[in-house]
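Protein chains in written order, with this note's numbering: chain R, 1 to 302; chain V, 1 to 161; chain H, 1 to 784.
Please keep in mind that the hints were generated in silico from the structure rather than gathered at the bench.
Predicted model only: the values in this text are computed from it and were never measured.
Please note that the accuracy of each hint is not assured.
[What the hints assert, rightly or not] If you only want the chain R side, here are some residues facing chain V, beta carbon under 8 Å, derived: (1) Leu12; (2) Thr51; (3) Lys71; (4) Ile122; (5) Ser201; (6) Ala204.
Here a beta-carbon is modelled for each residue, glycine too, at the ideal position from N, C-alpha and C.
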Amino acid sequence: MSRELRPVPINLRNTKIIPFEFQYFEPESLEEALQLLRTYGSEAKILAGGTDLLVKMKIRAVEPKYVINIKLIRELRYVRADRDSVRIGALTTWRDLEKSDLIREEVPALYDAVKSMGSLQIRNMATVGGNLCNASPAADSAPPLLVHEAKIKLTSIEGTREIPITEFFTGPGMTVMKPYELLHEIIIPKRKGGSSFIKVSRVAMDLAIASAATYVEVEDNTIKDVKIALGSVAPRPIRARKCEAALIGKKVDEGVLREIASLVAGEISPIDDVRGSAWYRREVSKVLVYDSLIKSLERVRR
Amino acid sequence: MIWVVKITFKVNGQPITLDVKPNELLINVLRDKLKLTGTKYVCGIGECGACTVLLDGEPILSCLTLAVDVNGKEVTTIEGISKNDELSEVQEAFMEEGAIQCGYCIPGFIIMSEYLLRINQKPTEEEIKEYLKGNLCRCTGYVNIIRAVKRASESRTTKTG
Amino acid sequence: MVDKVSFINSKTLRKDAFVKVRGLLKFTNDLEVPGMLIGRIVRSPYAFADIKSFDVSEAMRLGAVVITPDDVPQKPFNPRLVSVNEVTFKDHYVLTRKPRYVGDPIAAVAAPTEELAQKAAESIKFEVERVYEPVLDPFKAMSVESPLIHEKIMKGDEWIEVKNNVAATLNYVEGDVDKAFREADVVIERFFKTGKRYHMQLEPKAVLCVPEADDKITIYTTTQTIHNTRILIHQIFGIPLSKINVVKVPIGGSFGSSIQTNVLVPIAVALCLKARKPVKLTYTREEDMLDHSNFTFNFRIKIGAKKDGTLVGAEFENILDVGAHQIQPYPLLGTSLGWFVSLYKWRNIRYIGKAVYTNKVPGCALRGYGAPEVTWAVEVIMDELAEKLGIDPVDLRLKNYVGLGDVFWGQGPTVRSVIKSDGVPELLTKGKELIGWESRGRPEDKKGRFRRGIGVGRGFHTSGAGGPISGEVIDYSGAVLRLNEDGTLEYITALQDHGGGTLDAHVKIIAEELGVPPELISLATATTENTPYDVCTHASRGTYVGGEAARRAAQLVKQKIFEYATRLLNRVVNPEALKIRYDEEVKQTIIYVEGSPDIKITLKDLARTAWQRNWGTIAAIVSYRATSAPPSFTVYYVEVEVDTWTGKVRPVRVVAGADVGTPINRDLVEGQLHGGFAMAWGMAFIEDTPYNPETGELLSRGLITDYKIPTAQDIPRVEDFKVILANTYEPTGPFGAKGLGEAAMNPAVGAIANAVYNAIGVRIYELPMTPDKLLKAIKEKEGD
Ligand SMILES: Cc1cc2nc3c(=O)[nH]c(=O)nc-3n(C[C@H](O)[C@H](O)[C@H](O)COP(=O)(O)OP(=O)(O)OC[C@H]3O[C@@H](n4cnc5c(N)ncnc54)[C@H](O)[C@@H]3O)c2cc1C
Ligand code: FES
Ligand code: FES
């Protein structure tokens with residue numbers, strides 16, 4: 001026999017129940033949570049909305065010994081603004097974002113993402129922190145936050161650190177976070193340009209086959225600043241820097257935008273999977289970037 | 001460290017106290033322990049909406065909610081939508097519009113429609129679809145369900161003036 | 001003169017709606033009995049392996065009841081009983097040592113809780129003798145290098161050897177096709193391939209098996225046929241039929257997925273027999289997707305026509321991928337041909353049908369039993385023919401379709417009858433106007449990113465599988481109707497309502513026959529103990545066959561009512577002088593003499609008197625075989641919009657037309673069409689269950705995250721979905737009615753595909769037409 005045929009773990013999965021036991025903690029303060037994380041580290045999992053974690057536990061993709069439910073830490077759920085930035089607490093749900101005028105006005109790309117994310121029920125449960133920490137290449141909050149150059153505040157018993165979101169993701173399901181760290185806050189600098197997010201998916205409630213967000217600033221009908229990010233087309237959500245560089249200084253012209261948007265194909269490394277082929281992702285990325293640029297530009301003008 | 005947790009919560013107005021294990025799901029507590037089988041398991045992974053219940057008035061999926069997480073809260077299931085034998089406008093409208101075929105998805109749709117009409121008395125067709133897109137139905141093709149929500153919205157607004 | 005009250009044409013609410021909207025209706029999944037154990041199946045983690053031995057010690061230590069292939073009868077069976085025994089192919093075992101797909105049941109456990117059962121199931125170890133590479137392609141499976149998935153299977157009561165992994169074949173010739181093609185002005189040949197769709201009925205399969213006193217067992221399960229479930233359990237375990245009672249429980253959708261007895265039923269029975277305790281076994285969604293999905297079809301179709309559009313011949317090759325086990329693909333080879341020949345008058349036909357094994361989930365019927373697939377392919381190739389000939393596609397269809405007065409054998413060569421009602425011209429003409437057919441334009445004239453197109457599709461489904469001659473298929477039904485002592489009625493039928501409202505239609509039919517309001521007729525619990533045999537709610541036979549059985553029962557009851565009434569109304573000469581109707585004024589059903597208003601009695605009084613005077617119960621038991629299976633015709637006109645940059649398609653408008661004879665419940669008919677269209681949309685663009693080529697596992701792993709069906713946001717605007725019903729009357733059906741369920745979907749995919757073509761000038765011959773495939777085709781055509 002040419003190669004060894006390995007069994008698939010179908011007998012372990014059971015989505016009716018959580019098929020194994022774990023120890024459970026319900027810290028009521030950040031302090032307490034950080035302490036628990038320090039103690040249990042890599043054998044523990046934080047539970048926020050549970051829309052990723054519980055699914056993974058049911059299908060045995062993860063099997064934590066300890067589950068730390070952070071939902072009682074109310075201080076982690078907020079959207080607020082100071083002079084320079086919008087701050088989102090990790091436990092803020094997608095539904096909170098949907099109801100927030102601040103997000104709609106200041107971070108329109110993220111607002112678009114909310115509108116295309118999951119169902120009402122999912123948005124009610126799922127948190128933005130969970131979306132980032134889960135680090136799926138398809139995470140819908142990532143492209144908007146990438147183009148808005150957000151910073152992620154991570155907190156542990158040892159203190160806090162802030163890192164640019166561009167450095168946050170390291171691969172599918174992987175981030176720079178240490179097992180004892182907690183995602184605390186997302187900090188989005190206030191900017192005057194327009195932004196948007198678009199995704200293609202198989203049906204109306206679905207993960208992205210591919211997604212794109214853009215941010216633009218225009219002066220004298222010339223692109224002064226632009227950021228482009230894509231989801232589901234690489235091992236992690238990415239920025240398309242070459243495409244950005246090529247756009248700076250260009251006149252706003254649909255033909256030019258279309259042509260430069262196609263450059264994005266060279267910056268991504270999509271794969272074939274059940275949702276779509278690498279070829280399709282490459283093709284559609286160009287369209288998504290273009291469509292998103294147009295939408296962002298409309299928002300600038302307004 | 002917790003192995004069994006005592007939780008107290010309300011279901012359809014009734015106070016309940018139960019011992020649950022941390023890995024127990026709300027859907028199974030409702031169905032198996034409280035015999036409220038109107039809440040349905042269809043996918044177990046958040047994709048279908050058949051297990052939707054209201055938690056403190058907000059729709060959530062009971063298949064992705066730990067029972068320990070409802071401690072101190074109030075759960076409304078499909079069984080709590082009609083008072084005694086009197087149907088709600090939404091329930092009436094689903095019957096009138098022929099929106100019910102096999103009925104397996106219906107509890108989830110009714111809960112979501114109730115919620116929608118509570119926060120938006122006169123939703124547009126687009127809004128109805130947006131609110132119901134997390135609930136799958138394989139029989140009706142959704143048309144009569146959407147009609148039913150419109151009808152319920154109309155009968156509510158005429159009642160409340 | 002008082003107008004007769006018609007219940008058929010009046011709107012009534014479904015009988016079960018009141019409990020359904022409150023979440024109080026109990027499905028199998030919702031049942032429980034004291035002391036019951038929860039079962040869990042251990043499934044093969046290999047696509048193609050032979051197992052040497054099992055180690056169940058840990059599971060026993062956990063206190064679970066365990067069964068392995070050693071504990072169950074090793075006699076092959078076919079889980080669907082529909083063909084007569086001689087042509088039933090059997091290769092299933094309750095549990096197998098030779099798993100043939102990832103998910104094949106190999107052992108099972110039962111324990112007091114789901115969690116414990118899960119632990120026990122996980123603890124079972126086994127050693128494999130050999131593991132093969134999965135064979136996932138039917139053409140590869142037929143080649144000599146491929147190992148045999150099954151070496152020996154049973155046909156009827158005889159063992160036969162399988163060659164080249166071919167599970168069954170069916171060939172057919174009529175006339176001289178080669179000559180026809182030589183004489184044709186135009187010949188077109190195309191290859192078509194469908195996706196492997198999954199039913200995605202909302203209720204996952206479930207069973208509760210309860211041991212009773214006197215060695216009896218009671219079974220509650222998700223099934224379309226309680227009687228065949230009982231017979232199958234009898235065949236497998238050798239338990240006499242009289243010791244098995246299968247109770248009809250409401251089912252949360254089916255679409256063919258429980259046309260067979262789902263294999264969890266015999267497993268639960270085996271667990272129950274061993275444990276001597278009630279056992280409940282319910283699938284997870286992942287398991288449900290491993291239990292059933294559709295067959296996959298590979299067609300080669302070649303057709304020829306004269307310049308004037310007259311068809312002269314057709315060749316049809318049909319390679320079915322049946323998956324790892326047979327759930328009646330043999331009759332499907334017959335019905336595929338039946339759908340094909342009953343769509344258009346080909347005049348000369350050659351058919352080659354082969355059903356081939358692969359290491360995939362066993363294929364079974366999915367709403368239409370091949371008709372949506374065959375109709376899609378035929379409607380596409382007819383569209384191409386129309387274009388080549390320069391004839392309007394609607395006219396070409398009208399010229400060639402099989403209609404009024406023609407011989408019709410939709411359910412295969414052994415089930416023939418003559419068409420007596422036909423609404424096709426009416427539907428095609430009306431639909432054309434409603435959609436704006438004439439202004440649809442030509443693809444080559446359409447420019448820009450978003451392009452719209454309109455397409456037509458036409459098809460039918462049979463109402464049941466009855467016929468004048470007993471063929472290879474079993475098809476008859478039954479009904480029991482009883483007049484209670486207070487004048488209400490109890491109706492009992494083994495026939496299952498999948499949600500389409502079949503039984504409400506029956507109640508209306510009884511109401512119409514007896515002049516009793518539907519509210520007074522109750523649907524009593526049906527079991528195999530208290531009902532005559534019914535084959536299955538399949539082939540859209542519920543209304544036509546079951547409804548006629550109900551009507552006949554009502555007729556018998558009426559005769560007896562008249563007999564009793566003759567005794568009571570002393571001046572009446574004989575029962576024939578009497579009539580029955582509902583009287584709006586007194587709100588009662590009355591038995592009366594026409595023209596003599598004072599000679600009458602209410603049904604209520606009659607029922608009571610019959611009881612008080614010891615005359616005996618009025619009841620009827622009917623077993624009914626239909627001698628034809630008339631087609632319900634359907635027509636779809638669909639408008640779509642294609643985004644030529646992304647390949648995404650959006651439904652814009654739909655006109656769905658149906659010829660169901662008399663519509664017994666208009667809103668239920670509409671509901672079927674809405675549902676049929678949504679399912680067709682999924683089939684056209686989204687639904688497929690691809691496999692991992694190395695492991696043979698479903699790529700989705702059974703998670704519906706990767707098996708999408710249309711959502712509320714994926715359908716057209718409500719006002720843009722129009723339904724038209726033809727004005728026809730089927731003389732052989734109850735009050736002129738025919739079936740609908742499957743016809744509601746059959747031609748929709750063809751219409752959608754043709755609309756896509758009309759928008760962008762591209763045809764995709766492989767379903768689903770994903771954005772991926774569409775975009776590739778658009779780019780190839782437009783040279784980008
Ligand atoms: C039906 C369905 C539809 C979905 N649709 C979409 C969609 O359209 N787009 C999309 O992007 N996603 C989608 N998701 C995925 C999911 O809902 C989101 O990723 C969600 O935001 C996760 O948040 P959560 O709070 O539920 O995370 P959880 O499941 O609670 O946690 C996810 C992971 O993050 C960790 N974690 C959570 N919070 C923190 C924290 N503060 N610090 C450190 N670690 C933490 C957890 O330990 C876990 O590993 C969908 C999921 C489902 C079930
Ligand atoms: S069962 Fe909870 S969403 Fe499907
Ligand atoms: S009515 Fe059957 S799934 Fe919705």
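Hint check:
Hint status for Leu12(R): violated, given a least beta-carbon distance of 14 Å to chain V, over 8 Å. Taking 8 Å as the C-beta cut-off, the interface hint given for Thr51(R) holds, the closest approach to chain V being about 6 Å. About 7 Å separates the beta-carbon of Lys71(R) from the nearest beta-carbon of chain V, less than 8 Å, and the hint is met. A least Cβ separation of about 6 Å between Ile122(R) and chain V falls short of the 8 Å threshold, and the interface hint therefore holds.
Taken as an interface hint, Ser201(R) does not check out: its beta carbon lies about 12 Å from the nearest beta carbon of chain V, beyond 8 Å. With 8 Å as the threshold, the beta carbon of Ala204(R) comes within range of chain V, its nearest partner Cβ sitting at about 5 Å, so the hint holds.
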